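Residues per chain are reported as follows:
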Amino acid sequence: MTGLRLLLGAGAVLLALLVQVSVLAALPLPGGAPDLVLVVVIAFALAEGPLSGMVTGLVAGLLADLLAVHELGRLALAYVVVGFATGLLDDDRERGALAPFVVVGAGAVGALLLYAAQGLLLGDPRVGAGSVGRALISSVAYDVALTPFVVPLVGLLCRRVRGTAD
Amino acid sequence: MLAVVDRGGASSPLAALRRGADTVFGPVQRSVGGAAGSAGRALGALPRIGSYRADNERLQRENDELRTRLLQQEGTQAQGQELAQLLALKQAGDYTSVLARVVGYGGFQPFEQTVTLDVGRGDGVQEGQTVTAGRGLVGRTVQVGERTTVVALLTDPTFSVGVRLNTAPRSFGLARGQGQRALGFRLVELADGAALQVGAALVTAGSDTFVAGLPVGRVSSVESASGGSVRTATVQPYVDLGGLDLVQVVTEGPRTAARVPAPPR
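Protein sequence lines correspond, in order, to chains V and Y.
Those letters in the first sequence? Residues 1 to 166, by my numbering.
Those letters in the second sequence? Residues 1 to 265, by my numbering.
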């Protein structure tokens, strides 16, 4: 990873965090809020591969954990795993136009289930069958809705940076 | 020949026809004529279109400016109202509190119902203090930093508070958050045969953590009792948790009359 790529990743994650806590989470949407940070992590993984996906996921997850009231590391673990898994499907392969939507949808389900599973292990009273079901529907729908705005933009920026680095 | 017949004036048989035509075509004509007139005026105005454009831009700028000013004014007005409400509440309860603004919402996963305030330990805020807004209870501080504080809203599943019916001072129940921003929360274990019905107002019972007598919410539905004195109900909070802006953190409970220890005998 070159310095410029690190800078791009850090900037995108910080911006996503800010927009998430001050704008997206405040929207009066039923069910929950779209998770912009997770979509940014998946977009980086898709553009740069599993290693970048993991690093971005770890940093973003830890920062997100710091801003929330649950145990530190829960979102970090969820984002790392999702960043690695979606990074295995990075750009080198031929992809259809719908592929990013499917990947983000699957990533949202994966992250949520990982987070909820940790909640069950830790005895989090917030995690129950009803709340997980509601959250699954809303988070998949909202995250997929963010995909056409975030994934192409991050992909473009990554290609641009790679172009200047080579 | 028609013209001859027509010369009969108002009494001619064709007069009715003409009146009919007027009734039918009149409106059409007037509108077409109006359109034609405007078209003509528009054509005549073509040479002056440059000045119109300048006028238009100027007016648009003016309009934008006025609209912005109006919005700002509405904002200050709403803020003023909110402050007045907070002040009234403060006078009613007579407790010490700090004013805070909501600067963030907890929202990386849909399970936590929290907001972040722009006050912290430096402002005298500590964990477990009551947070209120103009119309009533908002939640409890759970994570206090130097400059920011995370508040668990009363709809958060970890939140519970002792409540009583406003009209029945000896009733007591425990209200727990149900996790959904709009669903309100549940009142369980309401002892006492007090009338628990839809629309009943609930206030905090008062404890180490919570100030007593704060408006909490209104009962929106009552579940049919399965015998005994315990009833459950769903409660809609008074405060609109989606649109929080200014809140206050109670840093010190109400000062009650000093209790003088009985002298030893």
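Derived from the structure by calculation, the hints contain no laboratory data.
A quick note: this is a predicted structure, and the numbers were derived from the prediction, not measured.
Do not take every clue at face value.
To give an idea of the chain Y side of the interface with chain V (calculated C-beta under 10 Å), a few residues [claimed, not checked]:
hint	residue
1	ALA54
2	GLN77
3	GLN79
4	GLN81
5	GLY179
6	ALA205
Some chain Y residues flagged as far from chain V (calculated, every beta-carbon gap over 12 Å) [as the list claims (entries may be wrong)]:
hint	residue
7	ARG61
8	GLN73
9	ALA78
10	GLU82
11	ALA84
12	THR116
13	PRO157
14	THR158
15	GLY162
16	ARG170
17	GLN178
18	GLN197
19	SER207
20	ARG218
21	LEU241
22	LEU244
All C-beta atoms, glycine included, are put in the ideal place defined by N, C-alpha and C.
Hint by hint, here is what the structure shows:
1. ALA54: violated, 38 Å
2. GLN77: Violated, because the Cβ-Cβ distance from Y/GLN77 to chain V comes to roughly 21 Å (cut-off 10 Å).
3. GLN79: violated, 17 Å
4. GLN81: violated, 20 Å
5. GLY179: This hint holds: Y/GLY179 lies near chain V, its Cβ roughly 5 Å from the closest one there, short of 10 Å.
6. ALA205: Y/ALA205 check fails; min Cβ-Cβ to chain V is 22 Å, beyond 10 Å.
7. ARG61: Given that every Cβ of chain V is farther than 12 Å from that of Y/ARG61, nearest at about 29 Å, it holds.
8. GLN73: holds, 23 Å
9. ALA78: Check passes; 16 Å lies beyond 12 Å.
10. GLU82: holds, 17 Å
11. ALA84: holds, 24 Å
12. THR116: violated, 7 Å
13. PRO157: violated, 5 Å
14. THR158: violated, 6 Å
15. GLY162: Given a closest Cβ separation of 18 Å, the condition holds.
16. ARG170: holds, 30 Å
17. GLN178: Since the minimum Cβ distance to chain V is about 9 Å, Y/GLN178 lies within 12 Å and the statement is violated.
18. GLN197: The claim holds: Y/GLN197 sits with its nearest Cβ about 26 Å from chain V, beyond 12 Å.
19. SER207: For Y/SER207, whose nearest Cβ neighbour in chain V is about 20 Å away, the distance exceeds 12 Å, so it holds.
20. ARG218: Consistent with the label, Y/ARG218 stays out of reach of chain V, its closest Cβ about 20 Å off (over 12 Å).
21. LEU241: Since the minimum Cβ distance to chain V is about 9 Å, Y/LEU241 lies within 12 Å and the statement is violated.
22. LEU244: Non-interface label on Y/LEU244 violated, nearest chain V Cβ at 9 Å vs cutoff 12 Å.
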